[in-house]
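Chemist: So you can see what is in the structure, the chains are spelled out below.
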Amino acid sequence: MPIRIITTHLEFEGQVSEQRVVIEGDEPPVWGPDAALSIVGTPQPRVDGRERVSGVAEYTYDVRLPGMLIAVGLRSPHPHARVTRIDATRAEVAPGVRAVYTRFNAGDFLHPDNERPFFGEELPYAGDLVALVVAESRAQASDACALIAVDYEPLPFVIDPEAALQPDAPHVILTRENNGLSDEYPKTYERGDITRGLAEADVTVEVRFETPAALHNSLETHGATAQWDGRTLTIWTSTQDVYGSRRQVASALGLMHNQVRAIKQYMGGGFGSKFGTHSSGMLAAYAAYKLGRPVQYMLSREEENLCTGHRSPTIQTYHLGAKRDGTITAIDLHAIANVGATGGWFPPVSMVAKEMYQCPNVRTVDEGARTNLGPFAAFRAPGVVEGTAGFEVALDRLAAALNMDPLEFRRKNYAPEHQAMERPYARKLLLEAYDLAAERIGWATRDAEERRYPLGRDGHLRRGVGMASQMWGGDGGPPAQAIAKLLPDGTAVILTGTQDIGTGTRTVLAQIAAEELGLPLEHVRVELGDTEFGVFSPGSGGSMTLSSVGPAVRMAAVEARKELLEVISQLAEAPTDAIELRQGAVFSRETGKEMGTIASFLDQLDGHEITAKGMRGPNAEGMTVRTFGVQFAEVEVDVGTGEVRVLRVVACHDCGRIVNPLTFSSQIEGGIIQGLGFALMEQRIVDDRLGIPVNANLENYKVPTIRDVPEIEIIPLDRPNIHANTLGTLGAGEPPIIPTPGAIANAVAHALGRPVDALPLTPDRVLKLLNQEATV
Amino acid sequence: MWRTYLRPASMAEALDLLRRYAGQARVIAGGTDVLVELSRGVRPTETLIDITALTELKYVREESGLIRLGALATHNDGIASPACVAGALPLAQACWEVGAPQIRTRATIAGNLVTASPANDTIPPLMALGAELALVSAEGGERIVPLAEFYPAFRRTVLRPDELIREIRFPALRENQRGIFLKLGLRRAQAISVIDIALVLTFDGEVVRDARITLGCLAPTVIHARTVEAYLVGRRLDEAVCAEAGRRACDDAAPIDDLRGSAGYRRETLAALVAEGLRRVAAGTQAAGWPATPVLLETRDTSSTVALPFAGVIATTINGTAYELPGAAGKTLLNALREDAGLTGTKEGCAEGECGACTVWLNRQTVMSCLVPAAQAHSGSVTTIEGLAHAGGAADEGDLHPLQDAFVACGAVQCGFCIPGMLMAGAKLLDERPAPNDEQILTALSGNICRCTGYRKILDAVHAASAEITEGGAA
Ligand code: FES
Ligand code: FES
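Residue numbers (the working numbering), protein chains in the order written: chain A, 60 to 835; chain B, 806 to 1280.
Don't take each hint at face value.
Said to hold, decoys possible - Chain A regions said to be covered by chain B (calculated; three or more residues, Cβ under 8 Å):
hint	region
1	89 to 101
2	118 to 125
3	728 to 738
No lab work stands behind these hints, which were simulated from the structure alone.
All C-beta atoms in this analysis are idealised placements derived from N, C-alpha and C, irrespective of residue type, glycine included.
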């Protein structure tokens, strides 16, 4: 097939980039609203569910290789220090120890992405790596770690982002001129005239809103098992991105790409933190390469929570103005994100303020502050969860100041077009979503006395209802490839290089292939998560896996079907358009009679396998494709103890066609619970005197348990978005977490009759709010 | 963590070992506190003395008005004992509030006392109940220490290095006495207390004759709210008195800020909590919400197992197969299963009893295997996820336990990492009660964290499996 190189636009985690990609062949026409589909769109249990419930699924940690060594890291206890001396002699001769790496023997081993040494002299946060011990067993490696003597020269540190930005603040990293993220920051976006917008307003509000550092706490920590056989470095790694892992390992070790194989079959969650293979993976690879023995390095829960990233804490200051009739005239946002010591980018905190509601005069200033804490990492809709919470809370304040119903206020300022890019949205069903969800939660009666005071005015319980809107990309894009193989027995194998990070990718891809190939689902096997046998697919993130890889799989299946029909047509001496494939059998279109199974035809050929390739085509130009949605939350607050209980969440998200209602609703529910955790309990706590996180564990870092779960009602808007891709589908991974914290915060504010100024809404904070004057 | 694991077969042997190790060893029973401390480097030791073979110490009984708890009485034993619920409700309630079910199967009440954290839930009720401890040692014989004198300072006890708590005892509540335990945590399950309180009141008709009110997390040690105790005597518990008592309790407390809550928060909620406790006691609703048949996640079986002497090599049965694990005596059961037995289906999520991913069955109990010394499986039997189908009576090779099937069918699985532990806890619940209600499911699974699914479909799956089991049984 002829190839062509095209330029297309891709939005990933709020950043739009231009991509040059190779396109080969043509994609099939989009599955429109009338497409007759029998497997896609039906609830299907996971094709690999059995492995996952029986203990058979092999996670990175479960990989056992003969002669495998175990690595354990020694990490800095200081927020900022210089390592002046390391005496590892006792550790080196301890039983079972095969190597001890420190800056004095491995100081030239550099991270390929930022050129920082893995074992630095300057350690800019507590939890940065000092030494790695590799031993025959985990116990021996840990024991030896305790024998390493390190001299640290403590250096001045700063952990508060606003303090870090002061001119006289201690240097977070000594060689940097200041603690800003980079020369590009602070970065300002402006449209219209903010001064005029504020002047035109009849009512203005100023809101300062803070969000905490949330830790991913994927149940499986980061880590890898690596093996070097003299020819190939194989790395089993808990990653969302096998190709990124291969690239990182190859460049860190100076190997060619064809010498590295990255494998990820099962993983215990990532939520954005597992792009590439993390330093732990590169260190396992390094040790395996040096020692010629397999090495496993899995992080402990504490290491995980100190050094693998988190949602960056933010301080958002809004200055909003509106006319008496509710028209917003000005949105001014100053957003500070604490990116940690070595964070490399800015989470798009201000994306929603720029775009979510209609406003001619907007100014946003993004400012990244470095502090002596571990670097942040992408965490399920990074920046946008925090930004949505802050912005939606600020909007409720403005609505209250106008004495307007919050939902009415949002309708009034509905943005039909993508204002920042001055182009239309491919589709926006948000008004409909508002109607459906408001009806379901009973928005109209939210102020009713009996609803707000379930025990009467004097009782200790108050209830409130709040809402927040959601927007996100998730339409995917190229490059993403797949191969479909039809085997002589009529079964199919789909090869791609994507990975199933727990969301059900294997299952939905099998559904798509089975649909096009006319096979029962059980006859399709999807192989992924292996750079050796897959074909290129991007990392699994940005809610783009299905919308990028799904169309490639579909095209491969369509191409394979074409060849299959051709084969059958010649064997059966019937024109291709007279044949139909269903459930693994061949039917005559005319008579409706079965002509035999697919296998019975392929079997007539000597071992012929049909192999076809598919790729994701370019994105639509001239429009913005988005998921939009809304969530409403109802909460109950105990005014005696400050405890908040979320009773109900109603969610309505337009993610286009729903390929599998079971995995879709699972994503929505999971996102809501993570959002609930962020709203009510999750926060890294740092001892500001010592500069170290004190709850890097699951004991004092609270994540929601089954007891915290509210009723969740999902209103599906299962309609293909024909501009998104040939499936008409958009990702559902990130949308559901985006509005939850804002909706809960607004519900708590409604229940208390007090403004909310920070998350999480712990009992302590709620009581403090109650002690303030009522202003809402 | 530790190198030497000793498992004395008699009290005399245990006391002798304690004497010989003179403070160099630590006593272990359930292990739920000790293993967490050891992994964090708190009170490190090379030697563990496991007293679980002294099965004669595992009892909760009432004798002539006195409730006696043996050193090996667990939180579940307290919850499951009618004597304890009737005669020491605040203690039973505190046991119920501790940790997750997998902790309650293992953690002993005596161990809770020795850990000596002011946040330990069982200390306030035992203090309010006027408990005393029988401490024994090889040289000193037995001495009795009132619990009130057991804690000289923050996280300190008067227990001598060669001593063991043999028994905890206190008078059972009489007709004219009522009590309650209340606690605030940071989330609804598996929460360490931000504050907790216990009340024990003696009435003359409606008038309070004596009040004992103890406060946890409100001072360096658990304390009595003396002002309130004095204030209440001679009064009727009307609304004004309850509220005033709550306010006065703040004068008795000296809370500090820590990562779970601020001093201000503690003081403020203390008032609400004390008032609420008094209201409930006044109304006689102190036992409201106490489950008629609490979820235990262990098969109650009084027949004592014969523990074979342990000589360094663990011999155990896993999923019906006999194993010898020579190198595992210094490991947790989790690591022994994964590293020595090669059974990697059981997962590690935190290694300190906070996530439930490592849940397995040990003998008749559901446990967090990261908090169990592997040697405790010696001469016992373990069931892991790999053996669940078989344990559930799967007839054919390849069949699954009904709960496993239901998890797949209901879409209750995402990444799957939490699932083995979730299934082991859930399957034990279905053993215990084939048709659980929502509340019982929440209790059973409250120690298992899932970061992906949002739990709703897990709840659905347990119900679906229950329907399958009960209908299947009826057919
Ligand atoms: S509870 Fe054992 S690993 Fe988390
Ligand atoms: S399914 Fe991933 S942690 Fe539960």
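Chemist: It remains to establish, for every hint, whether it holds in the given structure.
Modeler: Taking the hints in turn, this is what the structure says about them:
1. Under the rule that three or more residues need a Cβ within less than 8 Å of chain B, the assignment of the region 89 to 101 of chain A is violated, with 0 such residues.
2. Here the region 118 to 125 of chain A counts 4 residues with a CB under 8 Å from a CB of chain B, which clears the bar of 3, and the coverage holds.
3. Three residues within the 8 Å Cβ limit are the bar, and the region 728 to 738 of chain A against chain B gives 6, so the coverage statement holds.
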